Every structure is written in C-alpha cells, then in structure tokens.
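Let the sequences and hints guide you as you build the complete structure.
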Amino acid sequence: SQLVSLQSVFAMALSRNLNLAHLDVSTAFLNSPISDEFELYVQLPPGIKGPNGESTARLQKSLYGLKNASRDWFDLQEDFILKYDARFHKNAAEPCMYSIQEEEFEVHILVYVDDYVVAYSDAAKEWFEDIYSTFHGFC
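Numbered per the working numbering, the sequence shown spans residues 273 to 411.
Hint data in this document are derived by calculation from the structure and do not stem from the laboratory.
Every value quoted in this text rests on a predicted model; they were computed, and no experiment measured them.
Some hints here could point you the wrong way.
Pairwise CB distance ranges (calculated) [stated by the list, open to error]:
hint: 1; residue 1: 276; residue 2: 350; range: 18 to 24 Å
hint: 2; residue 1: 294; residue 2: 314; range: 32 to 38 Å
hint: 3; residue 1: 296; residue 2: 343; range: 17 to 23 Å
Where a beta carbon is used, it is the ideal one built from N, C-alpha and C, also for glycine.
Okay, structure coming up:
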C-alpha cells in the first residue's frame, strides 16, 4: 500500500539522515500525451470551427476524467525519471519508487499520481535542485 511505502521512505530518511522534499505537479494530466493506441475527439464549442471548417478536434494531450489519463501520466513521468538519470532503478517491491544508491550519493523518489516524496543525501542536494527545476520546466 502507498501508506506503508510512504512510512518506509520516512523511516529510511530518518535512519540515514536524508533530506525530504515533496513535489506536486498541479497540471499533471494536462501534460501527458494520449497513447498512440487511442484517437480521441472532442466536439468544438458552438461558433468555433477547425482550420478546414470541422466541428471536432483530435485531442493530443490528456484531460482529467479520461479513462487512461492516469496511465498516460504515469508513463510520461516514469520515462522522464528513468531517462533523466540512467542510475535510477525501479524498486521490485514498490513499482512507484525509483532509487539511486552510490556510497554518499542517495536519492529515492516515491510517486503517487502527481505527488512525489523525494529523500536525498546531502551529496545529492545539487542533483535534487537540478531535477526539481528541470521537472517543473518539463511540466
């Protein structure tokens, strides 16, 4: 369960003297592209027409309430995390936790939809500040 995972991150941070941070992406679902396996269209408001006079438009980004919005967001953020630093590995017991552990350098990211709890060592402080600004620029 997420609560147990969150408690585990807090306990790990406390026992290893790690810094803790919380990140929230307020427009998470609006940033994720819709999976290529779906073509979704919306009816345009009255009086609005597309470039060729059409009254519908194909969605390119996800919206809150779409059936696959959470999955599209998860895929996007996971791709971002794993490509941002190749040292990240997914936790086998908790698929929403990504970690880097190298001597003094330690980072753990626990993801819950669009909220992130990050535990990081002092040696990873500059790294954390960089991923924080990159991630906020990304979303």
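These are the hints, each one checked on the structure:
no., hint, verdict
1, 276 - 350: 18 to 24 Å, "holds (21 Å)"
2, 294 - 314: 32 to 38 Å, "holds (33 Å)"
3, 296 - 343: 17 to 23 Å, "holds (19 Å)"
Hint violations for this structure: none, all hints satisfied.
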